[in-house]
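There are 2 protein chains.
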Amino acid sequence: VAPLSRLSFNQMTAGKATLREVVDACVKHGVDWIGPWRHAVREDPVAARRLIRDAGLRVSSLCRGGMFPAATPEERRKKIEDNLRAIDEAAALGTDLLVLVNGSAPDRDIDGARQMVVDGIAAIVDHAEKSGVRLGVEPLHPMFAADRSVVVTMGGANDIAARFDAKRVGLVVDVYHIWWDPQVYAEIARAGDRIFAFHVSDWIVPTPDMLMGRGMMGDGVIEISRLRGAVERAGYSGPIEVEIFNEALWAQSADAIVDVVARRFQEFV
Amino acid sequence: VAPLSRLSFNQMTAGKATLREVVDACVKHGVDWIGPWRHAVREDPVAARRLIRDAGLRVSSLCRGGMFPAATPEERRKKIEDNLRAIDEAAALGTDLLVLVNGSAPDRDIDGARQMVVDGIAAIVDHAEKSGVRLGVEPLHPMFAADRSVVVTMGGANDIAARFDAKRVGLVVDVYHIWWDPQVYAEIARAGDRIFAFHVSDWIVPTPDMLMGRGMMGDGVIEISRLRGAVERAGYSGPIEVEIFNEALWAQSADAIVDVVARRFQEFV
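Note that the protein sequences, when read in sequence, are chains H and W. Using the working numbering, count along the first sequence one by one with no gaps and you end on 269. Using the working numbering, count along the second sequence one by one with no gaps and you end on 269.
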């Protein structure tokens with residue numbers, strides 16, 4: 001079982017709380033890491049960094065850049081500009097990892113959209129390197145292939161990352177998105193040092209909602225410990241982010257959510 | 001574009017209609033093939049066969065066997081018995097293909113459940129051969145991995161089928177389940193002569209429901225013609241089943257549903 005010192009609380013697990021409420025709850029429950037989202041920090045990332053550091057917390061990653069595919073070159077250029085801003089925000093926030101959720105095809109051409117992802121990363125990777133920010137390609141569950149990410153498998157993410165320097169472009173491995181894949185253990189081993197982050201939650205049955213239906217660790221069917229063992233054998237020893245989008249959970253206070261996350265983490269991760 | 005002569009109307013596309021209503025609508029709209037479900041034919045498959053044949057239709061497949069994994073040997077034995085009955089029903093109905101939807105893990109051990117699928121097929125394949133019935137392993141979309149099928153990729157289905165005689169155990173390729181996979185074209189080519197059936201529908205955005213949210217061909221993002229070309233290059237030239245689970249569609253008459261399916265088929269498949 002993973003020690004509490006590795007737990008990072010992804011801000012969207014308490015999606016309705018303020019950054020300060022989340023920080024306070026983390027301090028109270030002994031959580032050392034936090035994973036903020038851009039919408040909560042972009043107005044003043046330096047102030048957010050101070051709030052987090054003054055509380056004694058560290059930032060595991062910033063969510064999220066990506067969303068590269070678009071119908072026109074002009075739209076794709078705007079998306080690249082937004083990613084350059086995201087890199088600046090990550091650096092200002094004091095984290096070396098920007099999570100990329102890569103976007104969907106603007107038409108029916110999914111392979112074309114995958115190439116747009118590669119081109120988008122190629123357009124920002126130098127700025128990321130200069131800024132001391134690594135880029136983490138996150139494969140999403142295939143049920144999001146049409147509206148959020150054409151990158152839907154560890155294999156597909158590995159293929160994209162392999163085109164870039166292994167120190168600059170790697171993978172974000174989230175058990176919710178990849179647990180079902182018969183190739184998942186082979187692809188985790190293949191990713192090796194390119195695993196930049198590890199996220200946990202659970203797949204509950206029945207799934208209450210495609211986007212907002214993630215479960216608390218232990219409530220579902222995912223072999224979380226087995227997957228953690230695999231990413232650790234591949235070389236990953238960093239923080240483990242808990243990222244759960246769930247309306248029923250969001251209805252609770254940040255304090256109550258961090259409390260249950262910390263307990264479940266020590267039992268099921 | 002595929003000719004109307006290849007269209008098979010899967011009965012569940014008009015999920016609230018009787019078999020007779022579906023047969024009559026197929027005749028009216030020039031559809032030559034039908035794909036019944038067990039619940040509609042199991043009481044008297046010989047009478048169902050007569051109803052279908054007298055109307056001049058042919059049966060493309062019977063849905064569905066499978067659901068092999070279970071917590072105890074006794075439960076698994078009962079599931080095998082049910083599959084033996086499904087084979088008998090397929091033979092009585094006059095089709096040489098039983099579609100297998102393979103079931104979910106009784107616990108968190110997804111690889112163990114995949115082995116139970118292999119063991120289940122091994123337990124029924126001789127009876128299938130004697131009965132002149134082929135077994136079609138259908139990979140379902142990964143969003144069904146926890147509750148309907150641990151077989152969720154073409155690669156996983158190919159790995160299972162490869163353990164058996166290529167004339168007896170093959171794949172059912174449904175675009176809805178496999179369109180998102182970066183390996184799909186490689187795995188279709190690998191399947192080759194093992195492609196026993198090809199199903200079409202569309203992935204609409206947003207998806208109204210995980211189970212009942214399939215779309216009519218042309219309304220979504222799936223590259224249907226490209227996938228049809230790939231299965232044909234792999235060697236498949238049989239009927240193409242339209243299988244759409246959708247509440248809004250089911251609210252219409254069988255006549256109206258078959259009408260729109262036949263028109264969309266000739267435009268988008």
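Treat the hints as calculated values from the structure; they're not laboratory data. Every residue gets a Cβ at the ideal spot worked out from N, C-alpha and C, and that includes glycine. Do not take every clue at face value.
[Said to hold, decoys possible] Calculated Cβ distances over 12 Å to all of chain W for the following chain H residues: (1) D32; (2) A91; (3) R108; (4) S131; (5) P206; (6) D259.
[Unchecked claim] Footprint (simulated), chain W over chain H, 3 or more residues, beta carbon under 8 Å: (7) 17 to 27; (8) 153 to 166; (9) 174 to 187.
Verification of the supplied hints:
1. With a cut of 12 Å on Cβ distances, D32 of chain H stays outside the contact zone with chain W, its closest approach being about 28 Å.
2. Consistency note on A91 of chain H: stated as away from chain W, and its beta-carbon is indeed over 12 Å from all of that chain's, at 32 Å minimum.
3. Taking the minimum C-beta to C-beta distance to chain W, about 5 Å, the non-interface status of R108 of chain H is violated against the 12 Å cut.
4. No beta-carbon of chain W comes within 12 Å of the beta-carbon of S131 of chain H; the shortest separation is about 30 Å.
5. Distance to chain W contradicts P206 of chain H as a non-interface residue, since its nearest Cβ pair spans about 7 Å, not more than 12 Å.
6. Non-interface status of D259 of chain H relative to chain W is upheld: no Cβ of that chain comes within 12 Å, the nearest being about 25 Å off.
7. Under a criterion of three residues with beta carbons nearer than 8 Å to beta carbons of chain W, the stated coverage of the region 17 to 27 of chain H fails, only 0 such residues being counted.
8. A stretch counts as covered by a chain when three or more of its residues have a beta carbon under 8 Å from one of that chain; for the region 153 to 166 of chain H and chain W the count is 4, and the coverage holds.
9. With 5 residues having a beta carbon nearer than 8 Å to a beta carbon of chain W, the region 174 to 187 of chain H meets the requirement of three or more and the stated coverage holds.
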